[in-house]
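Chain B: place on chain A using the hints.
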Amino acid sequence: MPTSYLVLILYCAATVGLAMLLAGYMHRVFSGERVWLSPILGPVERGCLAAAGPAATRPQGWAAYAMAVLMFNLAGFVFLYAVLRLQGALTWNPEAIGPMSPDLAFNTAISFVTNTNWQAYSGEVQLSYLAQMVGLTVQNFVSAATGMAVAVAVIRGFVAGGDGRVGNFWTDLVRATLYVLLPISILAAIVLIWQGVPQSLGAYIRATTLEGASQVIAQGPAASQIAIKQLGTNGGGFFGVNSAHPLENPTILSNMVQSVLILLIPVSFCFLFGRMVGDRRQGWAVFAAMGALFVAGLLLIHGFEQAGNPMLTEATGISGANMEGKEVRFGATLSALWAQATTAASNGSVNAMHDSFMPLSGLVMLLNMQIGEVIFGGVGAGFYGMLLYIVLAVFLAGLMVGRTPEYLGKKIEGREVTLAVLAFLSMPLGILIFGALSAVVPAGLAAVQDAGPHGLSEILYAYSSATGNNGSAFGGFGAAAPFHTTLQGIAMLLGRYAIIVPMLAVAGSLATKRAAPATAGTFPTHGPLFVILLIVTVLILGALTFFPALVLGPIAEHVSMLGGQSF
Amino acid sequence: MNEHIRPAITTLGLMIALTGLAYPLAMTGLGQALMPEQANSSLLSRDEHVVGSAIVGQAFDAPGYLHPRPSAVDYDAAAAGASNLAPTSASLLADQAERAEAFRTENGASRVPVDAVTTSGSGLDPHISPQNAAAQVGRIAQARGVAEPEIQRLIAQHVEPRWLGIFGEPRVNVLLTNLALDAAFPLAPTAPSS
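As you go down the protein sequences, you meet chains A and B in turn.
The numbering used here numbers the first residue of the first sequence as 1 and each following residue consecutively.
The numbering used here numbers the first residue of the second sequence as 1 and each following residue consecutively.
Among the clues, some could well be false.
[Said to hold, decoys possible] Pairwise CB distance ranges (calculated):
#	chain 1	residue 1	chain 2	residue 2	range
1	A	Leu562	B	Asp74	30 to 36 angstroms
2	B	Pro149	A	Thr3	27 to 33 angstroms
3	B	Pro149	A	Gly24	55 to 61 angstroms
4	B	Gly29	A	Pro43	21 to 27 angstroms
5	A	Gly317	B	Gly29	51 to 57 angstroms
The hints are simulated quantities; they were obtained by calculation from the structure and are not laboratory data.
By construction, the Cβ of each residue, glycine as well, lies at the ideal position given by its N, Cα and C atoms.
Bound conformation, chain A alone:
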């Protein structure tokens, strides 16, 4: 289908083009330079930082920066948990929705603070408008801003000239929110309202259908939350079925806008990196590695979904794309595109149900998450995740040629490699250990919907999504059971902070070193050889760790399907 390939190409071109523009803007924002929004936002920024006190502008070393991240996220968690528990007694609750249960509120608060936005609840049934706005929308912004701030700090570590400073968290946080997230969200929200996403505080409407049945039409302040949900790679839907819901994503235009927003900031970080380190080729090299992995996954999912389900053809004689769990207006192409973007970018919103995708499409989505969400990844998080692999890749290259590895002139030594490996280990721990636990404990197994290998895929998906801070789900999995809300909560914390803290420590360590000038013996990190090395490192370290589990899940299901075996 040539048209659908044209769609994919136009999407990629538009996203990369906008991301390059945004990178220049973000570079000025995070350097504290004037931008065209400064006349309006400058006073707000200065007001916020003045209110926060002198600690909000003083340069910080890595440990202080990390502590500020943790304190801010802890405060956000406490506040959000309180709102979810108290929403029944608060205002803007026209549907008289009661409080969330303690374990679900724990899970949801962690989920939004860690930028995962896993949803074990259904928004239109379990959340008041106040909780959606003051609770969730706020964390949509600040968890994204936290990720961006940490990434900028980690990049500074690679550039800093020896004083060990990586910036100030509060300043970075306020700037990311004010100058980047808020203006783009406002624009996107206006477009989404125009396209039919509700934005109201009124009660749900009871309609009487043409055939006399009654139907409840949901309302709510949805567009404002959906805009930042996509831009901040949050992904938590206003409604339970996320962007498959016609009120959350009514038109093809709304779908394309949301699809571009998913990858906009993550792609932009590659180019921001190039600008910050003063050598744009370095940014292009990282972009090339991420882009190659992205396109490969996209073509695979697109191919499997377009080809459709052979078992359906066998049973009914019907052929065509795999449309189970997909909307007619999006079809297989836009659903496949979204599935790849949302799992690569740690966004986790969906416009089609991943549980009903073909087995090998599921495999690609699982891998996107399991390698640590580094194919562009979450805003900021994807980039510092990829820097982890870069540290390991140059270390491997150094071993091969017998030289002390260097990146951007900084020596990569034992301490950096140890910390990077430590961060890397959080993924297998959260996915394989917690997943294995769920697969043997009866309370864990009870959540599995499908029989056969797909059941294992459901468990794997849930823990890959939580640890990767993605938030999408194989929806048949009964994630609301207390066993999983608790274990998933821990997996989300692990996948967020067990990577943030060691990566900031890497940055802090590098920030104390001076960059050595490049010599003839320096391994160039901007050329095709480095790009290939980086891709291979991601695939070997990331993919091989999870390969045995994937064989028992999606690959076994695919082989069974070819053999005509249903479950």
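For chain B alone, coordinates are given in the frame of chain A:
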């Protein structure tokens, strides 16, 4: 650690005011003032009663109406949802085979479009494919006592093309088409049962 407490609390408070109150309320004000129809879920009224939303699917069973796709939640808009079943699920395949048989019997169609046997992700898909709509023309024409070409023409007018000619899929909005069918070819006051 103490040095972080003040900025943590003040920054969080300011962010709540800015992104949790000012931003959504400003967007609500703007939406309600400039685009009230869309901002309130695109409601459709007939004879002063709200009959649904232009963008939310609803169930239709009567033979004189265009039928939507199957729905895992029976078009209950308060509990949107999908089957979430795997392509290799025996129960899903059995459901799909049953729906295919029902579609053939109901419409006398030989070719069954794939969207007529699969449930959507939301369970509220407002659209069907043009092939699905075309297969239902005979049944609708008979129920309304109208010649097939007239129904065909009306449905053709309701086929929405791809956006910009390339993005998304061609589709027919079931509720909008049924409202148009009622307006153009009214059913007898008590619809005949099939």
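Status of the hints after comparison with the structure:
| no. | hint | verdict |
| --- | --- | --- |
| 1 | A:Leu562 - B:Asp74: 30 to 36 angstroms | holds (34 angstroms) |
| 2 | B:Pro149 - A:Thr3: 27 to 33 angstroms | holds (30 angstroms) |
| 3 | B:Pro149 - A:Gly24: 55 to 61 angstroms | holds (58 angstroms) |
| 4 | B:Gly29 - A:Pro43: 21 to 27 angstroms | holds (22 angstroms) |
| 5 | A:Gly317 - B:Gly29: 51 to 57 angstroms | holds (54 angstroms) |
Hint compliance for this structure: no hint is broken.
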